[in-house]
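Visitor: One letter stands for each residue in the lines below.
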Amino acid sequence: MYIDSYVVIGSGPSGVMAASTLIEQGKKVIMLDAGITENKNTTIPADENFIYLRKNDFQQHKYFIGEEFEGIPSDKIKVGAQLTPTRSYMIKDTDKLIPVVSDNFTPMESLSCGGLGIGWGLGCYVYSNNELKLAGLDADSMGKAYQVISNRIRISGPDDDFCKLVLGNLYNIHPPLKYDNNISILIDKYKKNKNKFNSKGLYLGSPSLAMLSEDYANRYKTKYNDMDFYSDYGKSAWRPYITLEKLKKNSNFTYVGNILVTTIENTDNNQVKINYINIVDKSTGEIICSKLLLACGALGSARIVLRSAKGKIKRLPILCNPYSYMPCFNIKMLGKPLSYDKTSMAQAMLIYDTDGTETEIVSLAFYTYRSLMTFRMIEEVPLGIKDSIKLLKLLQSGFVIAGIHHPDFPSKNKYLELIDFPDSITSDALSAHYKLNSDEEKKIRKHEKTVKRYLRKLGCYPVKKLSPGAGGSIHYAGTLPFSQNEDEYGTTYPDGSLNGFKNIYIADGSGFKYLPAKGITFSLMANAHNVALNSTKNEQ
Amino acid sequence: MDISNSEDLLLEEAYSIGKYFFKDYKMTTAIANQYVSLHRYRQIFLSKKEQSLLNLCIKYPFLFSYVDSGLKYAKPKSALSQKLFCMAAILETTPENFDKFLLDKQMPFIIAVLNFILDGFWAVCKVIAGYIFVKTYFLDIKIKK
Ligand SMILES: Cc1cc2nc3c(=O)[nH]c(=O)nc-3n(C[C@H](O)[C@H](O)[C@H](O)COP(=O)(O)OP(=O)(O)OC[C@H]3O[C@@H](n4cnc5c(N)ncnc54)[C@H](O)[C@@H]3O)c2cc1C
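Respectively, the protein sequence lines represent chains A and B. For the record, in the first sequence the residue sitting at position 142 is 224 according to my numbering, with numbers rising by one throughout. For the record, in the second sequence the residue sitting at position 34 is 931 according to my numbering, with numbers rising by one throughout.
If you are wondering where the hints come from, they were derived from the structure by calculation, not from laboratory data. This one's a predicted model, so the numbers in the text were calculated from it and none came from an experiment.
Derived lysine-lysine pairs resembling DSS-like cross-links, with alpha carbons at most 30 Å apart:
#1 B:K1002 to A:K539
#2 A:K303 to A:K330
#3 B:K997 to A:K137
#4 A:K305 to B:K997
#5 A:K215 to A:K528
#6 A:K546 to B:K997
#7 B:K1032 to A:K547
#8 A:K392 to A:K178
#9 A:K215 to A:K531
#10 A:K418 to B:K916
#11 B:K1002 to A:K260
#12 A:K328 to A:K122
#13 A:K246 to A:K528
#14 A:K584 to A:K595
Partial selection, computed: residues in chain B whose CB lies under 8 Å from chain A:
#15 L935
#16 Y938
#17 L981
#18 P992
For every residue, glycine included, the Cβ atom is placed at its ideal position computed from N, Cα and C.
Please construct the entire structure, taking both the sequences and the accompanying hints into account.
Guide: And the structure:
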């Protein structure tokens, strides 16, 4: 079948932004997507506050632990520990359809409509010029693209000097979201010692989140219900489905789900042939189009390119921010309940500019703990279950969970290969290898030591460090790194086109050559916008 | 037939475990149904040894506390600790037990500190005693009559 349209594969943040730009440019777009959707119909009275629901709703187990008890963890903290039953369809069937085999790398991928954006934490951060340069991205065009994306999704962010550090020169930013009582204590302490912190390169402030603090278009400001891990009430949090709903109203846009793209190739006249499997009836098929934008996530796109290269590429690199959680305790909260009104998302952000050049930043997102429930914490307490419940009741409101991201550079110990795997629908699997070298490990230890020292100065005492293991940051990039060299298979030209192929563009983070420790998704979306623009300019 | 997960036995367990967690626990139909259906979705089967340990706790409820604490280190992956853990999750999502899990009203700082120290100390003691008890129990020591 030939279709005279641009084809975008994937409906995650990158895919929907690439498609939006193409539509704005007057192009016809077909979005092909594995597109798994939620088939359970759990109703959450989401207009209500978490505490109210806990006290009153006799059906709450359906969304807090799930009708099939899928929300009760069967192991210690692992990748995606924060996924709740209502969001767990995000990773459905990935083990069967796109398996990853590894001893030391556990990524999270999605084949769902909306991709990993179904559960993303909404953190939006602009890369500094140095970070953009290292990533291989053009600062000028990214600057403009950040603004375009910000206007589409709307961000609430800091209204003080911290804003420059996390959101650069963006305008139209909504006022900051309010802190809960736990984080307010830390912020007050920080303000008193700001100069001391800043002189060491540490900055604390309001997080910049794709969550509305003011009504905008047909979306409503957050009600601080603390139900954000379970529902998207009022669409105050931006998720890909919001943009997808808008796209679907445009007559130039068509969405086709249930399509698992397996390989891509050029035809003799440089059109693009897409081979796929229908994930429902398992039938195979092909589509020919004039231009293709791949937005399957860095691992998803790598998988398709490795398979399509027919042995010309043996390995591809992979980047993923080293990540750990550090539960800390704010002593001043002992005996105090947490604010009734709060969001569940990050309450504050700490930026540690390790060398003062905004190049190798370490970032900490601070969450307070409540709506993910006590039972998810019990495993981590070194006591019996009954005693853990008792102590957690006393301590829970004082917990500050710091999620620490470190930057990631490519190395020969971080790579992907495609291996035979008869159990999967495509008869292959990604084999992932990820090992930090001793210098990287040393740097991480050193930076975490500094961060811990300053956390203590805020009255926030680190209790332990939990590591979901490599792959746990859920930020992936660098599988098809940017390169100017011609005929270098497995790389992407700076305009987003895939080396070795014609009319195929990479619209996700596969091109990034460096992965800063700030959330990647805002930059992915900005890059997707630029790649989409480039694809309309270049006639190959 | 697997007798360890028969409905009657499960209901008895649900009652005893709930009572162990909270003295004023009332087993509602909703909780009972959930505990039974949990065993349909999760394959939690006690070994013979675990079953007899649970029976012992049901008969002598004061033992629950030591078994719960002891299992944490002696047999952290045991089916029995899974049952206790899942029951805790079920209870947490019932309105009537809300205040057992979340602090609702402010407590004076000094009281909170004292609670923390005393409860914490007692909990650690139970882990030590429980560990010895559970380890000994699973050693399968036969006492000659
Ligand atoms: C719990 C959680 C919290 C997060 N928090 C943050 C945060 O605060 N800040 C941040 O910046 N990032 C965060 N992230 C990461 C963020 O979600 C991802 O960076 C982002 O979703 C990647 O977007 P993407 O569109 O490139 O890929 P994805 O979101 O992975 O989307 C891939 C899409 O491609 C489709 N697809 C894949 N393979 C195929 C195929 N072969 N055929 C057809 N379709 C295919 C999938 O169906 C999906 O629609 C978080 C993620 C999670 C899970």
